[in-house]
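Trainee: Protein chains in written order, with the numbering used here: chain A, 1 to 419; chain B, 1 to 466.
If you are wondering where the hints come from, they were derived from the structure by calculation, not from laboratory data.
Incorrect hints may have been included.
Claimed, not checked - Below 30 Å or equal to it, Euclidean Cα-Cα: the simulated DSSO-like pairs (lysine-lysine) are:
{"no.": "1", "chain 1": "A", "residue 1": "K86", "chain 2": "B", "residue 2": "K25"}
{"no.": "2", "chain 1": "A", "residue 1": "K158", "chain 2": "B", "residue 2": "K106"}
{"no.": "3", "chain 1": "A", "residue 1": "K158", "chain 2": "B", "residue 2": "K454"}
{"no.": "4", "chain 1": "B", "residue 1": "K133", "chain 2": "B", "residue 2": "K103"}
{"no.": "5", "chain 1": "A", "residue 1": "K127", "chain 2": "B", "residue 2": "K89"}
{"no.": "6", "chain 1": "B", "residue 1": "K202", "chain 2": "B", "residue 2": "K29"}
{"no.": "7", "chain 1": "B", "residue 1": "K89", "chain 2": "B", "residue 2": "K133"}
{"no.": "8", "chain 1": "B", "residue 1": "K145", "chain 2": "B", "residue 2": "K25"}
{"no.": "9", "chain 1": "A", "residue 1": "K228", "chain 2": "A", "residue 2": "K86"}
{"no.": "10", "chain 1": "A", "residue 1": "K127", "chain 2": "B", "residue 2": "K286"}
{"no.": "11", "chain 1": "B", "residue 1": "K103", "chain 2": "A", "residue 2": "K158"}
{"no.": "12", "chain 1": "B", "residue 1": "K202", "chain 2": "B", "residue 2": "K286"}
{"no.": "13", "chain 1": "A", "residue 1": "K255", "chain 2": "A", "residue 2": "K349"}
{"no.": "14", "chain 1": "B", "residue 1": "K202", "chain 2": "A", "residue 2": "K157"}
{"no.": "15", "chain 1": "A", "residue 1": "K157", "chain 2": "A", "residue 2": "K228"}
{"no.": "16", "chain 1": "B", "residue 1": "K370", "chain 2": "B", "residue 2": "K282"}
{"no.": "17", "chain 1": "A", "residue 1": "K127", "chain 2": "B", "residue 2": "K373"}
{"no.": "18", "chain 1": "A", "residue 1": "K349", "chain 2": "A", "residue 2": "K299"}
{"no.": "19", "chain 1": "B", "residue 1": "K282", "chain 2": "B", "residue 2": "K238"}
{"no.": "20", "chain 1": "B", "residue 1": "K51", "chain 2": "A", "residue 2": "K158"}
{"no.": "21", "chain 1": "B", "residue 1": "K29", "chain 2": "B", "residue 2": "K145"}
{"no.": "22", "chain 1": "B", "residue 1": "K133", "chain 2": "B", "residue 2": "K238"}
{"no.": "23", "chain 1": "B", "residue 1": "K268", "chain 2": "B", "residue 2": "K370"}
{"no.": "24", "chain 1": "B", "residue 1": "K342", "chain 2": "A", "residue 2": "K157"}
{"no.": "25", "chain 1": "B", "residue 1": "K370", "chain 2": "A", "residue 2": "K157"}
{"no.": "26", "chain 1": "B", "residue 1": "K145", "chain 2": "B", "residue 2": "K202"}
{"no.": "27", "chain 1": "B", "residue 1": "K51", "chain 2": "B", "residue 2": "K133"}
{"no.": "28", "chain 1": "A", "residue 1": "K239", "chain 2": "A", "residue 2": "K158"}
{"no.": "29", "chain 1": "A", "residue 1": "K127", "chain 2": "B", "residue 2": "K106"}
{"no.": "30", "chain 1": "A", "residue 1": "K255", "chain 2": "A", "residue 2": "K232"}
{"no.": "31", "chain 1": "B", "residue 1": "K133", "chain 2": "B", "residue 2": "K202"}
{"no.": "32", "chain 1": "B", "residue 1": "K373", "chain 2": "A", "residue 2": "K157"}
Unchecked claim - Reference excerpt, derived from the structure (chain A facing chain B, CB under 7 Å, subset only):
{"no.": "33", "residue": "K127"}
{"no.": "34", "residue": "S129"}
{"no.": "35", "residue": "P130"}
{"no.": "36", "residue": "V156"}
{"no.": "37", "residue": "K158"}
{"no.": "38", "residue": "L161"}
{"no.": "39", "residue": "V164"}
Here a beta-carbon is modelled for each residue, glycine too, at the ideal position from N, C-alpha and C.
Residue-level listing of the chains:
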Amino acid sequence: MATDFLMPKLAMAMNEGIVSEWLVEEGQYVNAGEPIASVETEKVSYDVESAEAGYFHILLPIGEATPVESVIGIFAVSEEEYQTIKNSLGDASVQVKEPDQKQQVKDVVAETPGKPVGVNAISGRIKSSPLARKMALDNSLRLNEIDGTGPGGRIVKKDILAAVERQSQQPKQSPVYGTLGAVELARISMTGARQTIAQRMRTSIDTAAQVSSSWESDVTNLLGLRQKYVGKAEQLGTKVSVNAFLIKAICYAIKQVPVANSRLEGNELVVYENVNMGIAVAIPAKNEYDSGLIVPVIKNVERMGLVQLDIEMKGIIQRAKNGELSVDDMSDSTITLSSTAGIAPPGMKTGPILNLGNVAIVGPSTPIERPIVNSGEIVVRTMLPMSFTFDHCLMDGEPAARFMRALHDCLEEPGLMLA
Amino acid sequence: MNSMYDLIVIGAGPGGYEAALYGAKLGLKTALVERESIGGVCLNWGCIPSKNLIHQAENFRSLSEMEAMGVEVDRSSLDYGLVYAQSRKVVETLTNGVVGLLKQAKIEVIKGTATITGPGEVSVDGEKMLMAKSILVATGSQPLKVSGFEFDEERILSSTGFLSLTELPKRLVILGAGAIGCEFAFVMNSFGVEVTLVEAAKHILPTEDQEIGGLLKRRLTDQGLTVLDNTTAISLSKTGVGIAVDIRGPDGDRTINADKALVVFGRKPNTEGLGLQEMGAKLDSKGYVRVRDGQQTDSAGIYAIGDITATPALAHVASREGEIAIDHIIGRCAKDTGVNVKLVPSAIYCEPQVSGFGLREQDIAACGFKVGKVSYPYVAAGKSTAIGRPEGLVKIFIDEISGEILGAHIIGQNATEMIHEILLAASTELLLEDIANMVHAHPTLSEVIVGAAKQELIIDKLITRN
Numbered sequence: 001m002a003t004d005f006l007m008p009k010l011a012m013a014m015n016e017g018i019v020s021e022w023l024v025e026e027g028q029y030v031n032a033g034e035p036i037a038s039v040e041t042e043k044v045s046y047d048v049e050s051a052e053a054g055y056f057h058i059l060l061p062i063g064e065a066t067p068v069e070s071v072i073g074i075f076a077v078s079e080e081e082y083q084t085i086k087n088s089l090g091d092a093s094v095q096v097k098e099p100d101q102k103q104q105v106k107d108v109v110a111e112t113p114g115k116p117v118g119v120n121a122i123s124g125r126i127k128s129s130p131l132a133r134k135m136a137l138d139n140s141l142r143l144n145e146i147d148g149t150g151p152g153g154r155i156v157k158k159d160i161l162a163a164v165e166r167q168s169q170q171p172k173q174s175p176v177y178g179t180l181g182a183v184e185l186a187r188i189s190m191t192g193a194r195q196t197i198a199q200r201m202r203t204s205i206d207t208a209a210q211v212s213s214s215w216e217s218d219v220t221n222l223l224g225l226r227q228k229y230v231g232k233a234e235q236l237g238t239k240v241s242v243n244a245f246l247i248k249a250i251c252y253a254i255k256q257v258p259v260a261n262s263r264l265e266g267n268e269l270v271v272y273e274n275v276n277m278g279i280a281v282a283i284p285a286k287n288e289y290d291s292g293l294i295v296p297v298i299k300n301v302e303r304m305g306l307v308q309l310d311i312e313m314k315g316i317i318q319r320a321k322n323g324e325l326s327v328d329d330m331s332d333s334t335i336t337l338s339s340t341a342g343i344a345p346p347g348m349k350t351g352p353i354l355n356l357g358n359v360a361i362v363g364p365s366t367p368i369e370r371p372i373v374n375s376g377e378i379v380v381r382t383m384l385p386m387s388f389t390f391d392h393c394l395m396d397g398e399p400a401a402r403f404m405r406a407l408h409d410c411l412e413e414p415g416l417m418l419a
Numbered sequence: 001m002n003s004m005y006d007l008i009v010i011g012a013g014p015g016g017y018e019a020a021l022y023g024a025k026l027g028l029k030t031a032l033v034e035r036e037s038i039g040g041v042c043l044n045w046g047c048i049p050s051k052n053l054i055h056q057a058e059n060f061r062s063l064s065e066m067e068a069m070g071v072e073v074d075r076s077s078l079d080y081g082l083v084y085a086q087s088r089k090v091v092e093t094l095t096n097g098v099v100g101l102l103k104q105a106k107i108e109v110i111k112g113t114a115t116i117t118g119p120g121e122v123s124v125d126g127e128k129m130l131m132a133k134s135i136l137v138a139t140g141s142q143p144l145k146v147s148g149f150e151f152d153e154e155r156i157l158s159s160t161g162f163l164s165l166t167e168l169p170k171r172l173v174i175l176g177a178g179a180i181g182c183e184f185a186f187v188m189n190s191f192g193v194e195v196t197l198v199e200a201a202k203h204i205l206p207t208e209d210q211e212i213g214g215l216l217k218r219r220l221t222d223q224g225l226t227v228l229d230n231t232t233a234i235s236l237s238k239t240g241v242g243i244a245v246d247i248r249g250p251d252g253d254r255t256i257n258a259d260k261a262l263v264v265f266g267r268k269p270n271t272e273g274l275g276l277q278e279m280g281a282k283l284d285s286k287g288y289v290r291v292r293d294g295q296q297t298d299s300a301g302i303y304a305i306g307d308i309t310a311t312p313a314l315a316h317v318a319s320r321e322g323e324i325a326i327d328h329i330i331g332r333c334a335k336d337t338g339v340n341v342k343l344v345p346s347a348i349y350c351e352p353q354v355s356g357f358g359l360r361e362q363d364i365a366a367c368g369f370k371v372g373k374v375s376y377p378y379v380a381a382g383k384s385t386a387i388g389r390p391e392g393l394v395k396i397f398i399d400e401i402s403g404e405i406l407g408a409h410i411i412g413q414n415a416t417e418m419i420h421e422i423l424l425a426a427s428t429e430l431l432l433e434d435i436a437n438m439v440h441a442h443p444t445l446s447e448v449i450v451g452a453a454k455q456e457l458i459i460d461k462l463i464t465r466n
């Protein structure tokens, strides 16, 4: 008896998923426990292991979204059964929707303009007529996004005309440079993580009255204090990072202005007692030209000491980069930290966009040494460019300014962190 | 006696018998009703005997090539009766072949005139009653009769009368220079008959590309034919021994005298007496049976194919329509719901041959988009000169933007065979560069097609360079 392989529900909030890569070949014998597919949800990408063993028939083409718990493949107990299943159900691997991105990039680059050839998918070329290929090129269409209706599923002229028609009915999402003589390096599909990021950013901008302010705090003392911790890294078990200090400083500011630590729920702004710190983390994307962004959440940071906080933070960042975050790891942030320190040029100031749901986001950048007037004398101090974005719908300028002032005070006088 | 079938096919021409064979192969219990001979007009009184006559005419013409080798030829012993007999022998061979195929396929062949008398009900000669789930009408066409030009098949001939000739006339007037008119003109001229070919349209072969029609006129004139295009036959009368035709042309009115006249104005669909309209099938304004997807008529369960429908009256169109109808009958999801007339080749077998499909020179103005044209003469391919047939031309029309092949026309040796390379390219959406980049054997006439296809690449490169 054949067994169905279902789209797994990797998280409570997961409604549908995409197989970004089948890790087994069509028809291959798969052992139980063997990685079988890379499944991508809106938030995470996850290598799913096979619970069954058998000859595996792929049903879901790569890149196609399907609801959780729908059948995406079948395990056959014998090769005969596999053949029967394959013959009766058709073969998704023949027309793979989205071949391996890197391979595809190479394919596109390798073609000389004006002479495109059917894209090499995992299990063969996409059948298309030369006229269809030329028309697809002229119209900047990708063959792997077009269904072929010609003999043997071949993409023919009328399929291109239909795709052009569809394209003309859709609002243009981005300008197409294909016809202007620009040479494409890659195409990044607005699906999966990229789509989620885009949607959340737009929703954030569209729903919040975002005000960004920036200033510089003298962190010479703070960095000096941190050096003492770094010197004791072996005993402490971690080289405490600047971010850990920043988070503690944010906790101090929240104590002064609690409304900054809140979430909008329906019609109510819920102000929290504990601080769940969202940290924006850059993660690699599927395509080398794309980037990823994820916001893991460290819970109850206000109760942690610098060392525990640093260890927790480094742990969750590593899990984020490994694609191992659970839905819980990404939920319930009450405020966000978005740090570009070390990446941004020294002194750069930015105005980050609010993490959807939060009222405030703190954005420190890379420190810079500046001449500062101190008690009538010019001295060299290390200044940290800071920015703070808040939702003016939920928080007014006065508390926001007080929050920034408190944060500034704490950064300049790290002793306040003990308060 | 009632007999129950899955399918009754009326008419055993190339549309009907092919459909019956295809249906039987797919498991349909099939009856085929024919009032005359198996094979229809095509096999008995059309394509096949005429192709044999043309073949013999070419052989006779090529005697001059023998003479060039020093062989002495006495043409006076030509017996046209033997020519005729050979053409009938070919018909017999092929007809027997079809009868054998039908027998093998266990198709019941019923001789008689069929009338549809009710849903799924066909009466043969008003006696035998046949019942079937589906009825396929493929009754073909007959020579168009025009008042004042009535056939007597003695001196005023239809194509059937012409193919029955056992003796050559001295002088022949052919009224109508379509495919049949041109082919028969060529045959007669080759056997030494003095032929005048009269066509009312601006150029002969009016349904073909006008440039090709013009070229054919020149070639036929070179062969000694009198070709009068843009000339109307006003009246036809019998004289003491022959006929006289009054014609009106660019040079005014005059009368042509000849022994016989061949009247080939066109063909008329055989739609009468079949019970089609009584059953609810509708005819269009020109008298053709109206069909929709899968060759269905307006009457449920009745299908129509071939010359009785509005698509070109060609055997190969009828055969394909038969397959489409059968696919619909058995519920097969056919890719084609009807024949795409833009991808149907025409074939005229005089020398030089003419063949073409799709867009023509005279259609370009009304296209509404930019049409590119490439052409290449036969003489540029060595083979044509080697075999003494250097006259000819291949022309191909493409959409200037997409490069889609929109039509192609060939005049010259083997044109009717060569067209299929370009037609295959067009129907599978290949581009000219695909033809150009495919290695063709040398020396062949097909190199003319490559030459035409490469013209486009040259144009392309010039544009790119600018």
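Trainee: CA of K373(B) to CA of K157(A), is that 30 Å or under?
Mentor: The hint holds at about 20 Å.
Trainee: With the threshold set at 30 Å, check whether the alpha-carbon distance from K239(A) to K158(A) stays at or below it.
Mentor: violated, 63 Å
Trainee: K157(A) and K228(A): Cα distance at most 30 Å?
Mentor: With Cα atoms ~71 Å apart, K157(A) and K228(A) exceed 30 Å; violated.
Trainee: Classify the hint on K127(A) as holds or violated, based on whether any CB of chain B lies nearer than 7 Å to its CB.
Mentor: Result: violated, 11 Å to nearest chain B Cβ.
Trainee: With 7 Å as the cut and Cβ atoms as the points, is L161(A) at the interface with chain B?
Mentor: violated, 10 Å
Trainee: Measure nothing beyond the straight line between the CA atoms of K127(A) and K373(B); if it is 30 Å or shorter, mark the hint as holding.
Mentor: holds, 28 Å
Trainee: Decide if the proposed pair is consistent with the structure: K103(B) and K158(A), CA atoms, cutoff 30 Å inclusive.
Mentor: violated, 42 Å
Trainee: Just to be careful, I want the Cα atoms of K342(B) and K157(A) compared with a cutoff of 30 Å; is the pair within it?
Mentor: holds, 15 Å
Trainee: Within 30 Å, alpha carbon to alpha carbon, are K255(A) and K232(A)?
Mentor: Holds - the C-alpha atoms of K232(A) and K255(A) are around 29 Å apart, at most 30 Å.
Trainee: Could you grab the alpha-carbon distance between K255(A) and K349(A) and see if it respects the 30 Å cut-off?
Mentor: holds, 25 Å
Trainee: Would the hint on V156(A) be counted as holding, given a Cβ-Cβ threshold of 7 Å to chain B?
Mentor: holds, 6 Å
Trainee: Holds or violated: are the alpha carbons of K158(A) and K106(B) at most 30 Å from each other?
Mentor: With Cα atoms ~41 Å apart, K158(A) and K106(B) exceed 30 Å; violated.
The structure does not agree with the numbered hints 2, 5, 6, 7, 8, 9, 10, 11, 14, 15, 16, 19, 20, 21, 22, 23, 27, 28, 29, 31, 33, 37, 38, 39 stated previously, though it agrees with the rest.
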